[in-house]
Structure formats: C-alpha cells, structure tokens
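As you go down the protein sequences, you meet chains A and B in turn.
In terms of numbering that gives the first Met the number 0, the first sequence opens at residue 0 and continues consecutively.
In terms of numbering that gives the first Met the number 0, the second sequence opens at residue 0 and continues consecutively.
Rather than coming from a laboratory, the hints here were simulated on the basis of the structure.
Quick caveat, the model's predicted, so the values are computed rather than measured.
We put the beta carbon where it would ideally sit given N, CA and C, even for glycine.
There may be inaccurate statements among the hints.
Claimed, not checked - Stretches of chain B that chain A covers, calculated by requiring three or more beta carbons in the stretch to come under 8 Å of a beta carbon on chain A:
(1) 735-743
(2) 819-829
Said to hold, decoys possible - Under 10 Å between C-beta atoms, here's a sample of chain A residues computed to sit facing chain B:
(3) Phe13
(4) Lys54
(5) Pro74
(6) His105
(7) His130
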Amino acid sequence: MSEPIESPVRMTEFPLVRRPPIVREGVLQLGGLALTAPSSGQVLQLMARPGTVTKSDILTALEGGEAADLRPAGPGQWLLVCDSPSAIAMLERQFGARMHVVDQTHGRSRIQLSGQNVRQVLAKATGVDLHPAEFPVGHAVMTLLGHIGANLARTGDNIYELLVLRGFAESLWGELQVMAAEYAGGQA
Amino acid sequence: MTSYRLAGGGLINRQMPQNFTFDGRVMTGFAGDTLASALLANGRQLVGRSFKYHRPRGVLTAGSAEPNALMTIGRGGRTEPNTRATMVELYEGLEAQSQNRWPTLEHDIGAVNGLLSPFLSAGFYYKTFMWPARFWEKLYEPVIRRAAGLGRASYEADPDTYEKCWAHCDLLVIGAGATGLMAALAAGRSGLRVILIDENADLGGYLLSETALIDGRPASAFVRSAVDELESLANVQVMARITAFGWYDGQVFGAVERVQKHVAVPDAMRPVERLWRIAAKKAILATGAEERPLVFGGNDVPGVMMAGAMRSYLNRYAVAPGKRVAVFTTNDSGYALANDLEVSGVNVAALIDSRRDAAIAYSGKARLVHGGFVSNVQGSKAVEGIEIWREGQRETLDIDSLAMSGGFSPVIHLACHRGGKPRWSDEHSAFLAPDGLSDLTLAGSAAGVFGLQAAMMSGAKAAEAALADLGVAHAGVAMPLVEGEIVPEPAKPLWSIPGIKAKAFVDYQNDVHLKDLGLAVQEGYGHVELAKRYTTNGMATDQGKLSNVNAIGLLAEARRISPAEVGTTTFRPFYTPVSFGALAGASHGKHFQPVRRSPLHGWAEKNGATFVETGLWYRSAWFPRAGETGWRASVDREVKTVRSAVGLCDVSMLGKIEICGPDAAEFLNRIYCNAFLKLPVGKARYGLMLREDGFIYDDGTNSRMTEDRYFMTTTTAYAAGVMNHLEFCAQALWPELDVRLASVTDQWAQMAVAGPKSRAVLEQLVDDDISNDAFPYLGAKDVSLLGGRLRGRLFRISFSGELAFELAVPADFGESIADAVMLAGKAHGICAYGVEALSVLRIEKGHVTHNEINGTVVPADLGFGKMVSTAKPDFIGRQMVGREGLVDAMRPQLVGVVPLDPTVSFRSGAHILKKDAAATLENDEGYVTSSCFSPHVGSTIGLALVKGGASRHGEEVQIWNGLRNEFAIGRLVSPVFVDPAHEKLHV
Chain A
0 MSEPIESPVR
10 MTEFPLVRRP
20 PIVREGVLQL
30 GGLALTAPSS
40 GQVLQLMARP
50 GTVTKSDILT
60 ALEGGEAADL
70 RPAGPGQWLL
80 VCDSPSAIAM
90 LERQFGARMH
100 VVDQTHGRSR
110 IQLSGQNVRQ
120 VLAKATGVDL
130 HPAEFPVGHA
140 VMTLLGHIGA
150 NLARTGDNIY
160 ELLVLRGFAE
170 SLWGELQVMA
180 AEYAGGQA
Chain B
0 MTSYRLAGGG
10 LINRQMPQNF
20 TFDGRVMTGF
30 AGDTLASALL
40 ANGRQLVGRS
50 FKYHRPRGVL
60 TAGSAEPNAL
70 MTIGRGGRTE
80 PNTRATMVEL
90 YEGLEAQSQN
100 RWPTLEHDIG
110 AVNGLLSPFL
120 SAGFYYKTFM
130 WPARFWEKLY
140 EPVIRRAAGL
150 GRASYEADPD
160 TYEKCWAHCD
170 LLVIGAGATG
180 LMAALAAGRS
190 GLRVILIDEN
200 ADLGGYLLSE
210 TALIDGRPAS
220 AFVRSAVDEL
230 ESLANVQVMA
240 RITAFGWYDG
250 QVFGAVERVQ
260 KHVAVPDAMR
270 PVERLWRIAA
280 KKAILATGAE
290 ERPLVFGGND
300 VPGVMMAGAM
310 RSYLNRYAVA
320 PGKRVAVFTT
330 NDSGYALAND
340 LEVSGVNVAA
350 LIDSRRDAAI
360 AYSGKARLVH
370 GGFVSNVQGS
380 KAVEGIEIWR
390 EGQRETLDID
400 SLAMSGGFSP
410 VIHLACHRGG
420 KPRWSDEHSA
430 FLAPDGLSDL
440 TLAGSAAGVF
450 GLQAAMMSGA
460 KAAEAALADL
470 GVAHAGVAMP
480 LVEGEIVPEP
490 AKPLWSIPGI
500 KAKAFVDYQN
510 DVHLKDLGLA
520 VQEGYGHVEL
530 AKRYTTNGMA
540 TDQGKLSNVN
550 AIGLLAEARR
560 ISPAEVGTTT
570 FRPFYTPVSF
580 GALAGASHGK
590 HFQPVRRSPL
600 HGWAEKNGAT
610 FVETGLWYRS
620 AWFPRAGETG
630 WRASVDREVK
640 TVRSAVGLCD
650 VSMLGKIEIC
660 GPDAAEFLNR
670 IYCNAFLKLP
680 VGKARYGLML
690 REDGFIYDDG
700 TNSRMTEDRY
710 FMTTTTAYAA
720 GVMNHLEFCA
730 QALWPELDVR
740 LASVTDQWAQ
750 MAVAGPKSRA
760 VLEQLVDDDI
770 SNDAFPYLGA
780 KDVSLLGGRL
790 RGRLFRISFS
800 GELAFELAVP
810 ADFGESIADA
820 VMLAGKAHGI
830 CAYGVEALSV
840 LRIEKGHVTH
850 NEINGTVVPA
860 DLGFGKMVST
870 AKPDFIGRQM
880 VGREGLVDAM
890 RPQLVGVVPL
900 DPTVSFRSGA
910 HILKKDAAAT
920 LENDEGYVTS
930 SCFSPHVGST
940 IGLALVKGGA
950 SRHGEEVQIW
960 NGLRNEFAIG
970 RLVSPVFVDP
980 AHEKLHV
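Produce the entire structure from the sequences given, and follow the hints as far as they go.
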C-alpha cells in the first residue's frame, strides 16, 4: 500500500496509479520478434446495426484517422484504436442512436508484434492466413490465439497488433514468448 | 551368411561414420543411414520378436509401413517405444533396444508361445477366458495385460517441448517422389503458393533407390536439382521429415513434423515435434504405392524382405542382403531387383515368377522359374533355404535371403479420411481412391499409374489441373526423359500359394496367419469388419498397411467373391502413429490453459489473499492474518467484520454486459421472466433468466444507465454462456429489435464495499451525494471519484444483506482505487474479504447461487414465483414454466436448515429425511445445496431443496450423509437467517 496517511484522510490527494496488466516498459526483443504492450490511447468498441454504417462513414466522422486504427470486429462492429480523448463525444454527436460507442480502453489490452519472425510466431497461434496478399495492412479479424480469443490487425509491413481481453493479457504475453523462444536463442 | 555393406556405392556419406548401440552393443553406420540400414550393414538381421508368438523377426521394409523392426529408442524421459527402425535416421550416440524378448533377443523365453500356438488361434481369448466369470477381473485380465503390448512407455516426464502450427497454401503436394516433385515444379514455376512435404529426411522418394537414368543422369541428381529449384522459389515451401496423417473438413490436413528426432540431444529452445494444420485450396496426393508381401510358410523369417526394400538397401544404402539371394515375384519389379543385385556382385540363385507367361525379357544369370511359388522358408532366426513349388513338385534351394513382391497397393489412406470408400479395380489389381474428391487429386502410383516416366507426367498433369481450377496460367514444364526403367505393370494378384506347411503370416505385427483368417470365415466372422476384430488383423500400430489387402484377398477367396464385395475396413486418421506430445503441443504444465486475472489481483496479493481457481479465474478465497489457525478463523473474522463494520471484496470476475440500442428495454423484457420495460434510468433490478424449458438459467442485476443503455451482471461461471445466449436472441430470435451487446467484464474493476460503515467509507472517495435520500437502495449511476480525477459506476446492491455498494472503475485503476478504499476504511476497521466469506454472507441472507440454480429449479422453487410476470406478452420460458409438473406444490423448494444442537455440523449434499424415517433413498425428502458455519447464527446453517419445503418451516428432520455415515437432527426454517425484514438494505 502507499504511504500511511492519518485519518480522516483527504482522499482527493490519494495518489491515483494506473496499472496495465502487462508490466513492461519498452520493447521485449526476442530475436526476430519484438513485443510491446502499448498502453497509451483509447480502445473504443463501435456497434451499429449491420449494414447501416460504413467504415468510411466512421473515418469521415473522425476527420480522417489512420485506416489501420479502425479494426473490423464483427458485422457492424469495429474496434477503434485512437489517441483522441474527444473521439467518443465526436462519434456520439455524429451517429447518435445509429451507432453505440463502448469504452474498452481498459477492457482490451494491446500487444504489438513486429520483426522478421512475426508471421512464423503468429502461425503457431492462429489459423488465419497472414500471407500479405490475403491479409494486407489495415486488415483485422477476430480469431483464436491458442486458447485465447483476440482481435488481430496488421498495422504495418511486419507489424501486427492484438487486442485481447485484459484478464488474458498476461497469459497471452507469456504464450507469445514461448512461441518465439526458438528465434530468441534462449532469451525467453 | 548375413547382410553386409558393399565396398562402394549408395547415397550414404562414408566420410561421416556414426556410432550407435543396439541392445548395448556398439555398432557403426554412416550419415545417410537409417537405423534399419545400419543394422543390416552390421549383419544384424534378427531385430525383434513378434507380438504373440515371440517369433524372431527381421527388417521387412524400408519405409513407414514397417511391421517388424520396432525398437525402443532413447532412455529416461526420452524413451520412445515401438519406433520403426526404417524411419529412424542414424545419429551419433543413438541408443536402440529390441522389444518383446526376455532375457535376450536371441534367447527368448516367451517364444514358448510358438509351441502353444495350436491353442492360441484367433478367438482364443474370447473362448477360453469366459469361465468362471469371477476370474476375469482378478486373474485373467491382469495376466493378459502383463503379457500384452509391445514396447513399454517410460514413467518419466518427457523433457522435450512440442508445438502446433498453421500453414496455408494454394496447393499442397504430399510426397516428394517423382510424382510430387514434378507436380511441385509445375505449380511452383507458375507462381502458386505451394507446400511440398515428405515424411523422409531426404526428398526424392523411390528415385533415391532407382538405377534408371533421368535426362542421362542418376535419378538422385535429378532430385537434387529439382529440390534446389523448388527451394529457390519464394512461393514454394519445401518440408522434409513431416508426415501428413489426416485429411479433415475444410480442406485442412494434419501433419506431424519431426523437428529434432534425429539428434541425440535436442536444442531446448526448439520443439522436438511440431503438429501442423495445413489449409490448402487444392492438394495432390503423391504418396506412391506400398509393395504387397506374399503369404507363404515362414514368410516372416529374418532375411525375407520386400523386393523394393531390398533394392533400396542395395542401391541407396549400399547394403547387400546376403550372398545367395532368391527373388519371388508376381510382377516385373522383381526383375529390376535381380538385375541390380547382379550388378552389385550379389549371387542371385533364382528368380521365381508366379506367372507362367511373363513377357518380360531377362538376360541375367539367375535361374528363372516361371509358374513357380516359394511355398516355405527354412530356418528360424535366419533364412537357410526355400522350398519351391512348381506344378506339384517340391524342390529345395539353399539361399540366405529372399525378396518378395506381390504387386503394389496405392497409398490412398488420406483420400478416404472424409468418408469415401476405396474401390477395387480389377485392372489395377488394387484398391483405388474413391471418386468425386473435389479438391484432392491423386497422382502417380498413388493413382495406380506405374513407372517413373508415367508418374512424372501424372504429377505435372495434376498440377496443371489445379492451376486451371484456380485460374492461374500454366508456365509449362519440360518432361524429363527416363531411361532404363522396368515398369511394374499391375499383375494378377496372388493370394493363395500352394504347398504351405509352416505358418504363413498375413499380419506380421499382430501375428495373424493364414489359418486364423480361415477360422474366422468358418466361424461366421467372414465380414471384413468382423474378421478384423476376430483375428486382430490390421489392428496394430501399422494399421494393416501391408496386411489388409492380403487379408481381403484371402477372405474373398474363402468366400468365393471378389475383393470388391469384401470391401475394406474404414480408413481413419492417423496414417502413422502420432505422439501424444505432438497432439498436446505447448498446452501442458502451466500452459495447459490460460489464466484470467482480475484487475484487483495485485491488490489481493498484497493483502495476503489465498487464491482459488474458479474456471480460468484466480479468485481471492480468504485473507489470513497472523494468529489465525485455519481458513475458518479467517472467514469467520471477515464475515463478522462485514456485519459489524465494513469489508471489500473483489467481484470483478462477475460477467458484465452492456446492452445498447433503442430496443434494449424490449429486448431485456423478453430475456428476463420479470418486468424490465419500465425500469427507470438510474435504477438496478434483480433479474431472473429462464431457459426455454422454464427452468432458471442465470440471475444477476441489471441497471439502466441511460435511456438506451443497460449494464447487466451475470454469474462468473455463466458470463460467456449468457453473452452467447443474448447474441443468439438478438441475431436469430428477434433480429427486428435494434439492440447491440458488448462484453465489458474486463473494462471494469468491480468491488463490493459492504457493511454498515460502507457509506462512510465511500463518501470519502465519491464526490457525488450518496446519502440514502440521494442514492437509495437499488440506485445505479455514474459517479465522480477523488475530486473529479476519475469516473466510475456506483450501484447500491447487496449480496450480503448489509448496507452495501458495488463500485466499478476502469480496470487499470482498480488496484489503486481498492487501495484508496482500504485506506479510507482503515478508521472504520475495514477488512478485505474473499469468496468464502462472500458465500457465508449470502447463505445467511438466503441468497441463491448456482448451488441452488442447478438446472432443476423453476422460480417458484426458490420463492421467486411472484417475479414471473403474468402481464408480459412473452419472455423466454413463459410457455413452459406453467407446465403441470413445474407448479406442483410438492416440488423441492428452498428452505433453511439448522441443527437442533448447535455443536453438530452437516455438509452440503446431505439428504433430508422425515424425523422418524429410516435412512434410505426411498425416504429422501430433498438435500442440502449450500452449507457453512454462520457466525451470526452461531452454528452450521444450510440452504436446502426439500419437497414442499416452503410450507414446512419448523419441522424437525434428519440430515443424513450416507457417504460419510453422518447424521444430524435439524429443523427446517426460513432461508433468510439475517434481517428477514430487509431493513438494513434501506438505511
């Protein structure tokens, strides 16, 4: 616990600490695989009646955000990864009852994978075909990684990002290290 | 004379000698050898003992169908029994042990079984061990179990790792022989994404054993340049040491890669085996054909070998089978062997061709016997001679090894894994793959196309067809020219051989011989599936790769029908044995299943929690303090603290679902059995969900946060199930409702702050007015925390029966806020409490969980009868909950139970009997669903489901635990032990 404060306490001064599930700063380099757990920004779940709102409607409302940040997550659903604190207000103003926004910033943990072995590591986790022709930059799917469900997006040439339920984040982080062990030369 | 290494030739690397041991004896082979070829090169022909009769056995094949040369490889946790020596690459330090012999391979006591063989025929066990029945469990089964089986598994843990992997391609080519290489070249050059796999370490298949020339060069040179080219293509993935073992729905192939089975000490960072799932748009099965043994007396004596295998050992491994060899064949392939043996300087004593009218020209030195048969082999641990039968005449011939070829069976296993039945072709004298396989094509000898040149064309053609189907232009491939091959055109099959005296084996691995099959037919087990079970033919680890077709042929002859009518047994994965390690992959030990962590896990840890696994979650069970003697002491203290002051419990793992949309209210009104349409914004309500059959599915609270947004909680166990149920209702039952669902379980850290001081504690954190007037019982709202630094959700709900709140905050802040609550509560005597105390508190209050909602109860059983709406037009379960049997007044109903003597205890699961009833299940009145020690009551208390229980309060009963022989006298009471007027909730 933090330093003892005598009662009655002025809780308005209590030091509020944010603790993401994966306690790691910077990059975990495992040979040809780099793992990071970005905790900045927001993750928003957008839900519309299938067929009533398009990806470009949303991007327009966001005043042209990066395409890769809007990740398909089911019929009429997206996961939006963005840095704009006003995104919720902006989207609610634009779409009203046509689309609902649920803040999942704390509910979904981001895990970024990059490096030359990234596809080989992911092939141990998911049955999704990650060949560049089948899975271009900006593409995203809901999939299973081993036993854990997650949203998998390709955010760059050799960069992929997972959005996983917070409670499973540590477990998945550990599984990915096991999968990368052969490229890490004993670092894992 | 025994087998030996030739002075020159072969594809082995004579610069790289490798030492290994067999039954402790040190031997030397070369890189490029298999264990089988190295043993033969060392003159070792006796390599194992058979399963039933402990007969001496030698190497029969040079591939994956090997039934005899089964060894135990490695030691300790790496011990691997029943490994086929023909598939094991030799490496320095390899340790191999023969199996099924004692004390030694040469002198085996178990061979006495051979003498008893008249009594050990097929069906022996079934007929013999039937009486007396009581002997079976105590005597017969243990003795048979001890005698049965081949190798012995290790009891030590496997030190190595395994993993699973996915691959995707346009075209999967299985088998990298002449056919597969050409198919991969044709497809690869045209730009398809190709995966070419082969179960051997070296690609090339039988090309590596051939003496025919390809484009004027040795076949092995062609293989090298083809593989080099394929490996240079970015769109082609070439994999060796990987066996495709099954073809599954969705055009997915299962395969196991032996990553590090050919090294003495595997690299710990890499798996030893990798299980692949290969999703292929198209696939070509270029798996070749298996040569058939011939069924004659003594066809299992070491030194008898398949002709093609003998040719492999000779040409590829430079191992001669002996000094004086005979070849017994039904087709032209025996001639190729005879020629090669002669070129290598091995004396071929006779070439016995069962055909009277063989057309093939032969100019070798061997004596050619047309229309002859080998009817018996002389010798037991080695071949000493053969008896040749020709036109009723017997003749003996001294030889030291014998090759046999009964024709070829296409390897079609994978093509039959999805339900298709093989079909017999008289033209091919073989079973071919079923018709109508849309995305799987067979090519080469797997398709009944024989000869290298024809196979290569067949492979290229199959690739062309795949290209056309996928709409990709064909880049063209020049056909190499094969010179000097002998094409083994299909010949009439030879099932029965005249003049047999000794045992003639059909299934080598399970010791099924000719007479066993005859007996099966005689006793009415002639159907192929029955014959298999009756005789065990085809049931061993090789699954009848060599034996099945001969068994079918023999059954056909015995029943005077065609093999087409006999048919085959069912082909199923796996093609060859797959280790459990590979099937488990990385999912063992702490990776057996994922762990789900609460955002308050760290808070619980630093408050000293003892954790309990509930599903994938780790929940804090109780928080022991110094001086407490056991879990009960901690739990009692936590319960008392909540009832008298305040406690904090992590309830983050309860399911949380946001339901949004203009029709959310209507949706929930149909989901729950109680009314939800008019729940005001800012209010929570307890809801009961029924199944379609009227029984309770799950319960929880639901709060209306805004006009079109609800926050539902579910039980921990049913969180995912409820989410699926809601999705099904929204998508399939009522698609017309505009409603959306989001799982927010992980978004919120949620803590129950319970006890009379809970408001005083929370007022220090929550900026909003949470007085009873401003925020009464069942209030729910967004609140500001810590001077506007954070937004959270506050619910005035209570599971304990005390004044209580649940506070939800964004998960990453959960630990910090829980710290703040503990700090704010310090002056009020706050404690952390776990699920055990939570459970005591709710039993005291008479609240139910899935202990009571166990799939057998309807709302009325739990006293919730009035919750079931009669006004709503419809909701799930409405039609069925009113059924006659579900409204019976004598149904088991929820009731409280206390012992008359407070020092006496009882357990959950104990049965309730009437006061004077005898302790029998006929007198059963119900059972205890939950029980605990209640600090409030001062004794054990329980909740129970008892027949008509609601009207039996005050009745004295017996509480009987028949499993532990425990009795207690108790009384049925109201299930609410604490604050029955519910006054505490409203202060």
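Status of each hint after checking the structure:
1. Coverage of the region 735-743 of chain B by chain A holds in this model, with 6 residues showing a Cβ closer than 8 Å to a Cβ of that chain against a need of three.
2. Given a C-beta distance limit of less than 8 Å, the hint that chain A covers the region 819-829 of chain B holds, as 6 residues qualify and 3 suffice.
3. The beta carbon of A/Phe13 is positioned within 10 Å of a beta carbon in chain B (closest approach about 5 Å), and the interface hint is therefore held.
4. Checking A/Lys54 against chain B by beta carbon gives a least distance of about 17 Å; that is not within 10 Å, so the hint is violated.
5. Using the Cβ-Cβ criterion of 10 Å, the hint placing A/Pro74 at the interface with chain B is satisfied: the shortest such distance is roughly 9 Å.
6. A hinted interface residue such as A/His105 counts as satisfied when its beta carbon comes closer than 10 Å to some beta carbon of chain B; here the least separation is about 4 Å, so the hint holds.
7. Restraint check, A/His130 versus chain B: the minimum CB separation of about 6 Å is within 10 Å; hint holds.
Hint 4 from the earlier list is the only one contradicted by this structure; the remaining hints agree with it.
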